[in-house]
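Chemist: Each chain is listed here by its residues.
2 protein chains.
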Amino acid sequence: MAMLVVGSVAFDAIKTRYGKVDKVLGGSATYFSLAASYFTSVRVVAVVGEDFTADHENVLKRRAVDTRGIQHATGQSFFWSGEYGENLNEAKTNFTHLNVFENFRPTIPQSYQDSDFLFLANIDPELQASVRRQMSRARLVGGDTMNFWIQGKRAELEQTLRLIDVLLINDTEARMLAGESNLPQAANRVLAMGPKALVIKHGEYGATVFFGQSSGIGHHPFRAPALPMEKVVDPTGAGDSFAGGFMGYLASQGELNREVFKRAMFYGGVMGSFAVECFGPERLMQLTREEIDARFQLFRELTHLD
Amino acid sequence: MAMLVVGSVAFDAIKTRYGKVDKVLGGSATYFSLAASYFTSVRVVAVVGEDFTADHENVLKRRAVDTRGIQHATGQSFFWSGEYGENLNEAKTNFTHLNVFENFRPTIPQSYQDSDFLFLANIDPELQASVRRQMSRARLVGGDTMNFWIQGKRAELEQTLRLIDVLLINDTEARMLAGESNLPQAANRVLAMGPKALVIKHGEYGATVFFGQSSGIGHHPFRAPALPMEKVVDPTGAGDSFAGGFMGYLASQGELNREVFKRAMFYGGVMGSFAVECFGPERLMQLTREEIDARFQLFRELTHLD
Numbered sequence: 019m020a021m022l023v024v025g026s027v028a029f030d031a032i033k034t035r036y037g038k039v040d041k042v043l044g045g046s047a048t049y050f051s052l053a054a055s056y057f058t059s060v061r062v063v064a065v066v067g068e069d070f071t072a073d074h075e076n077v078l079k080r081r082a083v084d085t086r087g088i089q090h091a092t093g094q095s096f097f098w099s100g101e102y103g104e105n106l107n108e109a110k111t112n113f114t115h116l117n118v119f120e121n122f123r124p125t126i127p128q129s130y131q132d133s134d135f136l137f138l139a140n141i142d143p144e145l146q147a148s149v150r151r152q153m154s155r156a157r158l159v160g161g162d163t164m165n166f167w168i169q170g171k172r173a174e175l176e177q178t179l180r181l182i183d184v185l186l187i188n189d190t191e192a193r194m195l196a197g198e199s200n201l202p203q204a205a206n207r208v209l210a211m212g213p214k215a216l217v218i219k220h221g222e223y224g225a226t227v228f229f230g231q232s233s234g235i236g237h238h239p240f241r242a243p244a245l246p247m248e249k250v251v252d253p254t255g256a257g258d259s260f261a262g263g264f265m266g267y268l269a270s271q272g273e274l275n276r277e278v279f280k281r282a283m284f285y286g287g288v289m290g291s292f293a294v295e296c297f298g299p300e301r302l303m304q305l306t307r308e309e310i311d312a313r314f315q316l317f318r319e320l321t322h323l324d
Numbered sequence: 019m020a021m022l023v024v025g026s027v028a029f030d031a032i033k034t035r036y037g038k039v040d041k042v043l044g045g046s047a048t049y050f051s052l053a054a055s056y057f058t059s060v061r062v063v064a065v066v067g068e069d070f071t072a073d074h075e076n077v078l079k080r081r082a083v084d085t086r087g088i089q090h091a092t093g094q095s096f097f098w099s100g101e102y103g104e105n106l107n108e109a110k111t112n113f114t115h116l117n118v119f120e121n122f123r124p125t126i127p128q129s130y131q132d133s134d135f136l137f138l139a140n141i142d143p144e145l146q147a148s149v150r151r152q153m154s155r156a157r158l159v160g161g162d163t164m165n166f167w168i169q170g171k172r173a174e175l176e177q178t179l180r181l182i183d184v185l186l187i188n189d190t191e192a193r194m195l196a197g198e199s200n201l202p203q204a205a206n207r208v209l210a211m212g213p214k215a216l217v218i219k220h221g222e223y224g225a226t227v228f229f230g231q232s233s234g235i236g237h238h239p240f241r242a243p244a245l246p247m248e249k250v251v252d253p254t255g256a257g258d259s260f261a262g263g264f265m266g267y268l269a270s271q272g273e274l275n276r277e278v279f280k281r282a283m284f285y286g287g288v289m290g291s292f293a294v295e296c297f298g299p300e301r302l303m304q305l306t307r308e309e310i311d312a313r314f315q316l317f318r319e320l321t322h323l324d
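Top line first, the protein sequences correspond to chains A and B. Just so you know, we're using the numbering used here here: the first sequence kicks off at 19 and counts up by one. Just so you know, we're using the numbering used here here: the second sequence kicks off at 19 and counts up by one.
Accuracy of the hints is not assured; some may be wrong.
The list cannot tell twin chains apart, which means a pair is met if one copy fits it or any two copies do.
As the list claims (entries may be wrong) - Calculated pairs, DSSO-like style, for lysine-lysine (alpha carbon to alpha carbon, straight line, at most 30 Å):
#, residue 1, residue 2
1, Lys249, Lys214
2, Lys214, Lys79
3, Lys79, Lys171
4, Lys33, Lys214
5, Lys33, Lys280
6, Lys41, Lys280
7, Lys171, Lys38
8, Lys280, Lys249
9, Lys38, Lys249
10, Lys249, Lys33
11, Lys280, Lys110
12, Lys214, Lys38
13, Lys280, Lys38
These are calculated hints, taken from the structure and not from any lab test.
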């Protein structure tokens, strides 16, 4: 079933212990689309500037991502520069130039309205809500957010959370959103805000999905591992790639039962693990489903008892 | 097969968000022994002071732990006081009174010499080495250490690591010991120092075992989850309880193959999860094997795909 993602298509300058890149394609919607494209058909709504060329667009098109929803504006694209030290979960931002993204008002093309799955990547919660309202027929809505909105637009974010079925955030964000340091308790509080399921990402330790009572999926959480990686070249986009693998797999399955959610957690981890192997989204551009399923087996062997 | 543990039998004053206790039985050897006692016969070598009464000793004896190796000295027992804030992985120490522990020179009773399994809990690496040399017949030697020795007695610790088969430490200790922030790379460096296997404990995220080439157990690491716990009453002793469950299960099995190590990782997590449910080692005093195996199944369901 078709998946619509609304988020950023941007450029990044990144420095890690393995080197640096000056301007590579990035943005939440880029990582998400590429990762999800191995599981389902993907449509993107975003805004880019004049520095976004046909070559950049072809990165998405080659993965059969529908880019007709990308708006082209006068000026430069969103440009972020950051570097990672020993803590790969947190980048030091050198600068964030919003550029054309500052005036992003997402409009959903008519041809996208029948998308069954919707992912609201990390943008202003008011924009997320406006997109959600334009997509009343969506069967399952995933969403992301970040500290900036939790602290700066809390009321608006709480409105948006009522419109989201599955929220994907990290440990720090979950604790901040809930005002509670214990993760399972924090999860319960976030689920009480609206989402039917909450995926908390633990970086190199994997991720846990907690289900709300209204999910009909049962009370027990499920935890998927992350592969111990000897070489994390660039952690940028790992979370969005997780979301792409997770949501993409869900969209590829007819029924959304507990077993499907469990496998989606594994596929999320798998796509995140590929994303960090190269600078930018390069590794996600030319995977095969065979490589993905081979890594899925590695994840399984990492935690499964005979 | 019989297990000998050498470490501390002590008292703790502990404060957490769930309350406080002024003086409860504690110490690495206490938690380890109780946890391991559900899997195998356990013998303890430690030193205690005059405040260690027959009632305290009975806590161990009721679990059939052989306490003849506990030396009784004049003075008070090791007494630690600490409290936990939001970060349950790190206690704030109020005081550490070594007391009789300061002059601890472990001597292994003749009747313990035939122990097949040995666990060197977190004590001075020179003492660990002297115990190891007294136990030349031990079939498998596990060990623990901490930042204090990594920084303060590095050369002695490196000698000791050559005498240990399985080292169990946490993320911070592994990174510090290896001088490397990437965990799998850090694991390789630690394995090059001597141990055949390295268990790195990730607190609430579980633990990973890495195998050295000389282990004969294969190259791939194995990761066991930790149960998301809504109420961590007191994290003290969780690591020693993990070690007790892990080593105890190994000692209960004839063959030390990969599958046995994998299950040992799960049992380690299980015993750690019980330990944190009450202040001190109380929860470990009266478990049943049925409760333990029921929780083992919870751990399994937490991560297993159908």
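Chemist: Can you list which hints this structure breaks, lowest number first?
Modeler: 2, 3, 4, 5, 6, 7, 11, 12 and 13
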